[in-house]
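For reference, the chains in residue letters:
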Amino acid sequence: MSKKEKSIMKLATAFALTFGIVPSAYAMHIMEGYLPVGYCIAWGAVCVPFLIAGFFSIQKTLRKNRKAITVLAMSGAFVFVLSSLKIPSVTGSCSHMTGTGLGAILFGPSAVSILGIIVLIFQAVLLAHGGLTTLGANTFSMAIAGPFVSFGIYRLCKALKVNKMAGVFLAATLGDLFTYCVTSFQLALAYPSEIGGVGASAVKFLGVFAPTQLPLAVIEGILTTVIVMTLETYALPELKAIGFTREVK
Amino acid sequence: MSRKRKQTIAVLLVLVCLIAIIPLFALKGAEFGGSDDAGSQMITEIRGAEYEPWFTPVMEAAIGGELPGEIESLLFCLQTGIGVGVIAFFMGRLVERKKWQDKQL
Chain X
107 MSKKEKSIMK
117 LATAFALTFG
127 IVPSAYAMHI
137 MEGYLPVGYC
147 IAWGAVCVPF
157 LIAGFFSIQK
167 TLRKNRKAIT
177 VLAMSGAFVF
187 VLSSLKIPSV
197 TGSCSHMTGT
207 GLGAILFGPS
217 AVSILGIIVL
227 IFQAVLLAHG
237 GLTTLGANTF
247 SMAIAGPFVS
257 FGIYRLCKAL
267 KVNKMAGVFL
277 AATLGDLFTY
287 CVTSFQLALA
297 YPSEIGGVGA
307 SAVKFLGVFA
317 PTQLPLAVIE
327 GILTTVIVMT
337 LETYALPELK
347 AIGFTREVK
Chain W
28 MSRKRKQTIA
38 VLLVLVCLIA
48 IIPLFALKGA
58 EFGGSDDAGS
68 QMITEIRGAE
78 YEPWFTPVME
88 AAIGGELPGE
98 IESLLFCLQT
108 GIGVGVIAFF
118 MGRLVERKKW
128 QDKQL
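These protein sequence lines are chains X and W, in that order.
By this note's numbering, the letter at position 160 of the first sequence is numbered 266, and the numbering carries on one by one without gaps.
By this note's numbering, the letter at position 10 of the second sequence is numbered 37, and the numbering carries on one by one without gaps.
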C-alpha cells in the first residue's frame, strides 16, 4: 500500500469507528426499511473501510497482472448468478446463495466486498430485494463477513494440508452459512426479544434462516468446487499469476 | 481435463440438481415463499406487533406499487443472464486458448 492509500484507509477506519460504535451502545438480506435508521448508518459505516481496502486490493491485483481481470470478472459473474437463483429448500421456503466464496478464495476477502456490493445494489434498486437503507447491513453479512470466513477456512485447510478441493468446498459452504448467521444476528440486534434479549432473538432468526440455508450452502460449496476445478484446467496461467495455484501442471 | 475429473464434475452437478429439486417433490403443497418474508414474520412475532417498514424500495416508490411478479422474474433472469453470459464468454475463450496452446506444444 502506498502512503496515500494508507492515509485514506486510516481516515475510513476512523470514520467507521465513530459512526459504527456509537449506536451499538443501546443495544439473507434484510428487507428495505426493516432496520432502524441508526443501525443502517452504523452497518454502512462499518463497511466503508472494507470496501476501500477491497478497491485497493483489486487495483493492486490488476496492476500486477492485467490478465487476472478475466478471472475477476468471472468471480463477479458467479456472485451474480448464484445470488439470483432462488432455490427451494427442505423447510418449504426458498432462499438463494451468495456466491462470494469463489472470489474470496481466489482474490482475498476484501476484493469480494466490491463484487458483492455491485450485486446488492442491483437487487436493491431493481428488484426491491434487500434494500438501499439496509445496504450496509447486507453488504456486511454477504460481502464482508461471509467472504472473510471463507478465506479463513480455505487458508486453515491449506495449512492443515487438507485436500485442496475439500478445502474449497468447506470454505464456500461455511462462508454461505455464516452470511446468514450474521444476518440473524443483525436482525436480533435491532429486534431483541423481550424475554432473553438479543440472544433469544438471534436463536429465533437463526431458526428461520439456518435450516433453509443449509442445503443451499452445500450446493454453493459444490458449485464453487466445480468452477475451481474447471478454472484450474483452463485458466492455469491466471491462477498462477494471482498465486492460487503454485504447483506445476 | 482428466477423465476422472470430468466424471467427478458430472457427479457433483447431478448432486446439485438433486438437492435443489427434491424438496419440491418431498414437500408437496409447500408454499416456497422467500425466507426473507419468513424473517419479517419473525420480526412481527418478536415485537408482538406488525412492523411498518420506514422506507419503501425505490422501484416500488417509482411505479407506485409492488413490482409485478412477472417483471420481477424478468429482472431476476436478467441478473442470471448477465452472470452466465460473462462466465460463458470468458470460459469459451479460455477453453479455446488451451486447445491452441496444447497444439503449439
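Treat the hints with care, as some may be off.
To be verified - In silico contact screen, one side only, chain W against chain X (beta carbon under 7 Å); selected entries:
| hint | residue |
| --- | --- |
| 1 | Ile36 |
| 2 | Val38 |
| 3 | Gly119 |
| 4 | Lys125 |
No lab work stands behind these hints, which were simulated from the structure alone.
Ideal Cβ positions, reconstructed from N, Cα and C, are used throughout, including at glycine.
Hints, verified against the model:
1. Hint on W/Ile36 holds. Least Cβ distance to chain X is approximately 5 Å, under the 7 Å limit.
2. A least Cβ separation of about 10 Å between W/Val38 and chain X goes past the 7 Å threshold, and the interface hint is therefore violated.
3. Contact between W/Gly119 and chain X, as hinted, is not supported at the beta carbon level, the nearest pair being about 10 Å apart and thus beyond 7 Å.
4. A cut of 7 Å between beta carbons decides the hint on W/Lys125: the least distance to chain X is about 5 Å, and the hint holds.
When the structure is compared with the earlier hints, violations turn up for hints 2 and 3 and for no others.
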